[in-house]
Amino acid sequence: MSKANHGGFLLEGLRKFGSSAIFLVQLLVQSVPALARPRLIVYQIYNAGARSLIIIMLAGLFVGMVLGLQGFTLLQRFGSEEALGSAAAIGLLKELGPVVTALLFAGRAGTSLTSEIGLMRATDQLVAMEIMAVDPLRYVAAPRFMGGVVAMPLLAAIFSLVGIFGAQLIGVQILGVDRGSFWSQLQGSLQLRDVTEGIVKSLVFGVTCSLIAVNEGYHAAPTAAGVGLATTRTVVASSVLVLLTDLILTAAFLK
Amino acid sequence: MTSPESAQPTSSATADDVVVEVRDAHYAVDTRPIFEGLNLRVRRGRITAIMGPSGTGKTTLLRLITAQIQPSKGQVVVFGNDLAQQSSSEIYGLRRRMGMLFQNGALLTDMTVFENVAFPVREHTDLPESLIKLLVLTKLEAVGLRGAAELMPAELSGGMARRVALARAIVMDPEVLIYDEPFVGLDPISLGFILRLIKQMNATLGITSIVVSHDVQELSSIADDSYLLEAGRMAASGTPQELLNSQSPAVHQFMTGGAEGPVRFHYPASDYTTQLLAAEDR
Numbered sequence: 040m041s042k043a044n045h046g047g048f049l050l051e052g053l054r055k056f057g058s059s060a061i062f063l064v065q066l067l068v069q070s071v072p073a074l075a076r077p078r079l080i081v082y083q084i085y086n087a088g089a090r091s092l093i094i095i096m097l098a099g100l101f102v103g104m105v106l107g108l109q110g111f112t113l114l115q116r117f118g119s120e121e122a123l124g125s126a127a128a129i130g131l132l133k134e135l136g137p138v139v140t141a142l143l144f145a146g147r148a149g150t151s152l153t154s155e156i157g158l159m160r161a162t163d164q165l166v167a168m169e170i171m172a173v174d175p176l177r178y179v180a181a182p183r184f185m186g187g188v189v190a191m192p193l194l195a196a197i198f199s200l201v202g203i204f205g206a207q208l209i210g211v212q213i214l215g216v217d218r219g220s221f222w223s224q225l226q227g228s229l230q231l232r233d234v235t236e237g238i239v240k241s242l243v244f245g246v247t248c249s250l251i252a253v254n255e256g257y258h259a260a261p262t263a264a265g266v267g268l269a270t271t272r273t274v275v276a277s278s279v280l281v282l283l284t285d286l287i288l289t290a291a292f293l294k
Numbered sequence: 028m029t030s031p032e033s034a035q036p037t038s039s040a041t042a043d044d045v046v047v048e049v050r051d052a053h054y055a056v057d058t059r060p061i062f063e064g065l066n067l068r069v070r071r072g073r074i075t076a077i078m079g080p081s082g083t084g085k086t087t088l089l090r091l092i093t094a095q096i097q098p099s100k101g102q103v104v105v106f107g108n109d110l111a112q113q114s115s116s117e118i119y120g121l122r123r124r125m126g127m128l129f130q131n132g133a134l135l136t137d138m139t140v141f142e143n144v145a146f147p148v149r150e151h152t153d154l155p156e157s158l159i160k161l162l163v164l165t166k167l168e169a170v171g172l173r174g175a176a177e178l179m180p181a182e183l184s185g186g187m188a189r190r191v192a193l194a195r196a197i198v199m200d201p202e203v204l205i206y207d208e209p210f211v212g213l214d215p216i217s218l219g220f221i222l223r224l225i226k227q228m229n230a231t232l233g234i235t236s237i238v239v240s241h242d243v244q245e246l247s248s249i250a251d252d253s254y255l256l257e258a259g260r261m262a263a264s265g266t267p268q269e270l271l272n273s274q275s276p277a278v279h280q281f282m283t284g285g286a287e288g289p290v291r292f293h294y295p296a297s298d299y300t301t302q303l304l305a306a307e308d309r
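In order, the protein sequences belong to chains A and B.
Counting from 1 along the first sequence, just add 39 to a position and that's the residue number in our numbering.
Counting from 1 along the second sequence, just add 27 to a position and that's the residue number in our numbering.
Derived by calculation from the structure, the hints in this document are not laboratory data.
Each hint should be verified, as a subset may be incorrect.
Claimed, not checked - Label pairs and their in silico Cβ distance ranges: (1) B:His-293 <-> A:Ala-260: 25 to 31 Å; (2) B:Arg-59 <-> A:Leu-92: 48 to 54 Å; (3) B:Gly-212 <-> A:Phe-48: 43 to 49 Å; (4) A:Gly-47 <-> B:Asn-108: 37 to 43 Å; (5) A:Gly-265 <-> B:Ala-305: 33 to 39 Å; (6) B:Thr-231 <-> A:Ala-264: 42 to 48 Å; (7) A:Pro-261 <-> B:Leu-164: 56 to 62 Å; (8) B:Glu-177 <-> A:Asp-233: 50 to 56 Å; (9) A:Gly-265 <-> B:Asp-44: 27 to 33 Å; (10) B:Thr-152 <-> A:Ala-263: 33 to 39 Å; (11) A:Ala-75 <-> B:Phe-106: 25 to 31 Å; (12) B:His-293 <-> A:Arg-78: 50 to 56 Å; (13) B:Ala-306 <-> A:Thr-271: 34 to 40 Å; (14) B:Phe-106 <-> A:Phe-292: 53 to 59 Å.
Stated by the list, open to error - Straight-line distance between alpha carbons at most 20 Å, and here's what the computed SDA-like set of lysine to any residue pairs gives: (15) B:Lys-85 <-> B:Gln-227; (16) B:Lys-85 <-> A:Pro-261; (17) B:Lys-85 <-> A:Leu-74; (18) B:Lys-85 <-> A:Thr-162; (19) B:Lys-160 <-> B:Leu-135; (20) B:Lys-85 <-> A:Ala-161; (21) B:Lys-85 <-> B:Ser-115.
This one's a predicted model, so the numbers in the text were calculated from it and none came from an experiment.
Ideal Cβ placement from N, Cα and C applies to all residues, glycine included.
With the sequences and hints as input, model every part of the structure.
Given below as C-alpha cells:
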C-alpha cells in the first residue's frame, strides 16, 4: 500500500469514528423523549434479548462444558481439581461471558437490527416517517439502541450462569470433582470486582454493538447490495471493536 | 402558454394564494446538475401537475419541497416560510400540514393496515382510542379498504398498498397533498379510482394537490395547472390544454409521446457503427 493510501485509510477510519460519535450523541439525545414510549423499548429488549436467549444459553452451556474439561485436565496436573469451580466462574464472568455473548449478539441481534433498519431505509419507510413529522431517530433508532444496551448485560449474565452450570456438569457429575469443594472454592475465591468487571464489559460491548448495528442500518445505501454490505460491516466492526475494547478494559481492570 | 424563461402560471396569484413556491433553484448530485434555475408556483386549492420524462428530477423536486434536501442556490418557500431559514422543529411543524403519497406506499411493514393509518394520529394527538378507530375506519372506507384493516402490508397488492398509503396521507387532514407517481403500475380500475379520489379530495376538502407523474393523459384530465420539467428547468407551464396545443417541439413531443423530436430517447453515447466495428476488430 502506498503512503497516500495509508493516509486515506486512516482518514476514512477517523471520519467513520467521528460520524459514529456524532450519531451516538444524537441517539442519546433522542433516547430521552423515546423513554415516553416504553412499549417500543420493551419490545426491542424482547427482540434483541429474549429472541437471542436460546443461542446464548446453548453457547454458554457448551463453552462451560469445554471449560470444565480443559480446566479439569490442567488443574489435575497440580492436584487441585477442586479449584475448577472458581477457575470456570472467574473465566466466564470476567472474560468469556461478556466477549462471547457480544460476538454472538453481533451475529444474531446486530445483523437483524442492521438489515431491518436498512430495509426500512430502502423502502422509504424512514423518509415517510420524516414526512409525517415523526423523527425516525427517535421512533426507530433510539428504542433499538436502548433495547440492545439493556439486553446485552442480561444475556452475558445468563451466559455466565449457564456456563458455570455446564462446567459443573462435566467436572462434578462426570469427572468426579467433589461437589462441596467445587461450590465452596467458587464462592470463596470470587470477588465483587470480578463481577463488576464482567458487568462493565458487557455494558460497554452492549453500547458498542448496538451503536454499530443501528448506525450501519440507518446509513445503509438504500439498495439490496447496500443493506447486505451494511450487515456484513456490522459483524466485522462489532467483532473487532469488542475484542479491542476487551483488551483495553482488561488492562484497565488489572490496575 | 408561457415561454420557458418565465415559466409561471398565467393567471395572477396573490402571495396568500401561493402555497409552495420554488424560486430559481439549483441542485446537483456530485457534479451532475439536476436543476438549473427551476421555478414553480403551487396555488391553494388547485391540482398542480408536474410532468416530465423519466430522470428529469421529478422526485428530487418533491424532496426539495418537503425539505429533505436543500437547493445549492435559490429558495423553496412553503406556506410563506423559506425552508432554508427554518429550524428542524419548524420544518417538522410545516410537514404536519402536508401529506405525501409515495410511489411504493412506504407503509411501515411491522404494523397492520389499521395501525399504519393510525400511526400519524397516535404520534401527534392524544385522541381517545374510540375516536382514533372512527377516524381510521372513515379514511379506510374512503379508499375502499375498510375490510383490509387487519391485514399486514406484506399481504397487500401494490395498488392496495398505495390506497392504504393514501388513507394514511389524508388521516391528519393535510392542507397540501403530494403524490409521487400515483398511477405507475395500477390496473385500470385502481387507476380510475385514484384519479377520481384526487379530484374528489381537491373538490370537496379543498386540499391543494401536487401530482408528479409522466402519465400525461390521466394527469391532464384532472389538473388545473401543469408544468413540464425538462433539462433542469420548467420547459413550459399553463393549463393542460395549453400544453397539449403547444407549438414548442419539445413540449409537443412529450405531450403526444413522439419518438422523434428534440428530447432524446438514447442516453448520450459514442457513434454506434464505430463502437460495433471496434468490438468486431478485437
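Broken hints, by number: 7, 9, 15, 17, 21
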